[in-house]
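Here the protein sequences come in this chain order: R and Y.
If you count by my numbering, then the first sequence holds residues 1 to 257, one letter each, in order.
If you count by my numbering, then the second sequence holds residues 1 to 354, one letter each, in order.
Fair warning: there could be bad hints in the mix.
Derived DSBU-like pairs (lysine-lysine); straight-line CA-CA distance at most 35 Å [what the hints assert, rightly or not]:
no.: 1; chain 1: Y; residue 1: Lys205; chain 2: R; residue 2: Lys16
no.: 2; chain 1: R; residue 1: Lys228; chain 2: R; residue 2: Lys168
no.: 3; chain 1: R; residue 1: Lys253; chain 2: Y; residue 2: Lys38
no.: 4; chain 1: R; residue 1: Lys150; chain 2: R; residue 2: Lys197
no.: 5; chain 1: Y; residue 1: Lys205; chain 2: R; residue 2: Lys197
no.: 6; chain 1: Y; residue 1: Lys38; chain 2: R; residue 2: Lys251
Derived by calculation from the structure, the hints in this document are not laboratory data.
Since this is a predicted model, take the numbers as computed values, not measurements.
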Amino acid sequence: MTREEIIQPSNLVYHKPTLMNDVPMHYCPGCSHGVVHKLIAEVVEEMGLADRTTGICPVGCAVFACNYIDIDWIEAAHGRAPAVACAAKRLNPDHLVFTYQGDGDFACIGTAETIHSLNRGDDIAVIFINNAIYGMTGGQMAPTTLMGMKTSTCPYGRQADLHGFPLKITEIAATLNGTCYVTRQAVHTVAAINRTKRAIRQAFQNCMEHRGASLVEVVSTCSSGWKKTPVEANNWMEEEMFANYPLGDIKKKDIER
Amino acid sequence: MKGNEAIAHAAIRCGCDGFFGYPITPQSEILETLALEKPWETTGMVVVQAESELASINMVYGGGAVGKRVMTSSSSPGVALMQEGITYMSGAEIPGVIVNVQRGGPGLGTIQPSQSDYYQSTRGGGNGDYNVIVLAPASVQEMADFMDLAFTLAFRYRMPTMILSDGVIGQMMEKVVLPPYKPRRTEEEIRRECPWAANGCKGRKNNVLTSLSLDPAWMERHNQHLQEKFRTIRENEVRYEEYLTEDAEYLIVSFGSAARIAQKAIEICRQEGLRIGMLRPITLWPFPAHQIQALSERMKAILCLEINAGQMVDDVRLSVMGRCPVIHYGRMGGMVPTPEEVVEVIKNKLTVKF
Chain R
1 MTREEIIQPS
11 NLVYHKPTLM
21 NDVPMHYCPG
31 CSHGVVHKLI
41 AEVVEEMGLA
51 DRTTGICPVG
61 CAVFACNYID
71 IDWIEAAHGR
81 APAVACAAKR
91 LNPDHLVFTY
101 QGDGDFACIG
111 TAETIHSLNR
121 GDDIAVIFIN
131 NAIYGMTGGQ
141 MAPTTLMGMK
151 TSTCPYGRQA
161 DLHGFPLKIT
171 EIAATLNGTC
181 YVTRQAVHTV
191 AAINRTKRAI
201 RQAFQNCMEH
211 RGASLVEVVS
221 TCSSGWKKTP
231 VEANNWMEEE
241 MFANYPLGDI
251 KKKDIER
Chain Y
1 MKGNEAIAHA
11 AIRCGCDGFF
21 GYPITPQSEI
31 LETLALEKPW
41 ETTGMVVVQA
51 ESELASINMV
61 YGGGAVGKRV
71 MTSSSSPGVA
81 LMQEGITYMS
91 GAEIPGVIVN
101 VQRGGPGLGT
111 IQPSQSDYYQ
121 STRGGGNGDY
131 NVIVLAPASV
141 QEMADFMDLA
151 FTLAFRYRMP
161 TMILSDGVIG
171 QMMEKVVLPP
181 YKPRRTEEEI
191 RRECPWAANG
201 CKGRKNNVLT
211 SLSLDPAWME
221 RHNQHLQEKF
231 RTIRENEVRY
241 EEYLTEDAEY
251 LIVSFGSAAR
261 IAQKAIEICR
271 QEGLRIGMLR
281 PITLWPFPAH
291 QIQALSERMK
301 AILCLEINAG
311 QMVDDVRLSV
321 MGRCPVIHYG
331 RMGGMVPTPE
341 EVVEVIKNKL
351 TVKF
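Same shape as in the complex, but just chain R (with noise of 0.2 Å):
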């Protein structure tokens, strides 16, 4: 039997996304962009948009996300990216604007433009991948890194004496009345992959119908930074990670106004 004859349509139980560009990942073996990147292509695939899709991309390791999905980007300054969505939505209602932002962005250096592009109840998803730490620029301590937890910049762990305490961004998000739907997920099983995708999808169906702003934080592996294997990264993230970050959803709620 030839791959021809084994690959047709009847026996087909999976293809990879049309809008995944056939080009080599930047990202290192374990690390959970890719899969996040899949189901993004995946969902615009399925919901028949993307012809008319912004994605907006940040500064980190996703500043290259451009290079993966084959829809309109438009590559943020470091943190503002929710600024850059906000208009881009008010300006073109029917089109599905999403930015894909890591902890440095999202929760650190655009702090400011994270809550009240949220708190105004601006229409877009934010896709936030938080691994606890920068991974881009060589695994330092990021606004979300563990007490304890040694990145170049605490090398001897996070003491909250020096750094103070890791940041609940989305908890925060959730206390804001322009967000409808905040929930944290993680990509590490395939049930865990299938919950990602159908949370990323209500995302984008809020974004297409103005109910709010929507958040997915997705716990996620960088186990460069971290310094171990995939699968140690794995497991690390589930027994520590998870123990201060849980997954499920945090709030689903129509917003008023």
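Once you've looked at the hints, dock chain Y against the given chain R.
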């Protein structure tokens, strides 16, 4: 009406799609006028009070990136905060308009008028090799007239364009003829005029607007492309006005509200028989260097009058290249020179033997 109000009305009338701003004296009337006019109910123009100037300029970045005519306004410290967004717009070649109603600095400075952001405006202002087109209105009428021009230039060259006004022009009231209403562009028009916009890849390859590349060879080519564009602008978009220069032996170079003061001082000196005129740069970048060079051939001396410590005088001296003496006069910190004060400078400093 006030200059600030004229800007707001002109924006609505010239098909502006969105305004994003943060309150700061002396330009808050722009956002206030827009809020009062509710253009979202008439033309569909979006008006957002942002959480900071940083957010404002990044909203302009996002709005320009989807091909819309969008703008912000602020005053000096706020525009300092916007420099991040302006350099990103330059790098990613995103059009947009920034109005700066200048006040005195440095730092929080004062709420009184100044022209001390000349360097910040004409040298780029943020990181990297770039310029923005800078228009300097000298009347409320020009505040209104330059709005559409600023958008036209921003989109012609895909870059940020600044209207560099000051607290005098923003706050003073003059008669103004507002431009006729022009509709906002339709989606089809935007898709035709802005094939580069990231507004959904319907019927075309996807667009990515970014100022990033890790490949230095690519980035050098990109910089060369930007410099080529800036060269084209220097050749084609210089705007200036001459006043009584035909028989002049002395010249004042002055812009914006300072040029109004210079004009009055020239009238007084002319009555006393002194042959003096003015060149008023309307575009501060691109600077009318060739015109000033040509005039300097037949001038005994040039006075650069600006409401700052001496910034444009650098560009005047670079244009004159020593052909005649160039002096500067200015006030700082929110103080504005009087015509009489300028007449004294002309008599005692400009027309003496050098």
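Okay, the hints, checked on the actual structure:
About 19 Å separates the Cα atoms of Y:Lys205 and R:Lys16, which keeps this hinted pair within 35 Å; it holds. A C-alpha spacing of about 24 Å is found between R:Lys228 and R:Lys168, which places the hinted pair at or below 35 Å, so the restraint holds. Using a Cα cut-off of 35 Å, the hinted pair R:Lys253 and Y:Lys38 holds, with the two alpha carbons roughly 30 Å apart. Restraint check: the Cα-Cα separation between R:Lys150 and R:Lys197 comes to about 31 Å, which is no more than 35 Å; the hinted pair holds.
The straight-line distance between the Cα atoms of Y:Lys205 and R:Lys197 is roughly 26 Å, inside the 35 Å bound, and the hint therefore holds. Using a Cα cut-off of 35 Å, the hinted pair Y:Lys38 and R:Lys251 holds, with the two alpha carbons roughly 33 Å apart.
Checked against the numbered hints above, the structure breaks none of them.
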